[in-house]
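Here is how the chains run, residue by residue.
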Amino acid sequence: QSALTQPASVSGSPGQSITISCTGTSSDFGAYKYVSWYQQHPGKAPKLMIYDITNRPSGVSDRFSGSKSGNTASLTISGLQAEDEADYYCSSRTTSSPLYVFGTGTKVTVL
Amino acid sequence: EVQLLESGGGLVQPGGSLRLSCAASGFTFSNCAMSWVRQAPGKGLEWVSGIGAGGTGTYYADSVKGRFTISRDNSKNTLHLQITSLRAEDTAVYYCAKRPGTYYTFDYWGQGTLVTVSS
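Protein sequence lines correspond, in order, to chains A and B. All the letters of the first sequence, read from the start, carry residue numbers 1 to 111 under my numbering. All the letters of the second sequence, read from the start, carry residue numbers 1 to 119 under my numbering.
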């Protein structure tokens, strides 16, 4: 089972919107809605930003939103801020082994 | 406040063993499935192993199956990962992560413990 495919980097200016894609296979996503997104600042633990494709945990800004179409999930960050500069990983519960697969990771740069 | 505190990492020679631990607090540990996720230096996240809330179901990535053993002590709110036959490619920060209820995600992560496999 390979990692989910994400662009290596995405950049945007403050206030702009950016979208990060996450592409897998039908065995990665299946019919599941179990796609999550994590933010990771350098030297820190990952932080859950989105779960079940579109849901935000309490405390996460509504500037973060998720979606999915077919075998591609997406994370959109609107109103980009300097603090959003970090690595972002998608993840999905799979239909087989391993139980979970992560994306290759995307470095978001705020210009 | 939910806290997950890993320990047990260190420098070990190829073929060696370590036992990682994760002390949990701030939530009902015995109600939550847990996982270990690792991150090699400069690389992405890799799910390694998971265990059900009661400890009866255990799951492993193919890359560690037969070498790693996950376990938990619900009386002590502690998660463990016994890692053996270590290889250079096992060098990574190992995070424990909590799964919230029936959701297939990880809502809290520890700060990680570094395992370095080198002679």
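These are calculated hints, taken from the structure and not from any lab test. Treat the hints with care, as some may be off.
[Unchecked claim] To spell it out: a stretch of chain A is covered by chain B in this simulated footprint if at least three of its residues, at any positions, have a beta carbon under 8 Å from a beta carbon of chain B; those stretches are:
#, stretch
1, 46-56
2, 84-93
3, 99-108
Here a beta-carbon is modelled for each residue, glycine too, at the ideal position from N, C-alpha and C.
A quick look at each hint next to the structure:
Chain B is given as covering the stretch 46-56 of chain A, and this holds because 5 residues of the stretch bring a CB closer than 8 Å to a CB of that chain, at least three being needed. With 3 residues having a beta carbon nearer than 8 Å to a beta carbon of chain B, the stretch 84-93 of chain A meets the requirement of three or more and the stated coverage holds. For the stretch 99-108 of chain A, the proposed coverage by chain B is satisfied: 7 residues have a C-beta within less than 8 Å of a C-beta in that chain, meeting the threshold of three.
When held up to the earlier numbered hints, the structure conflicts with none and fits them all.
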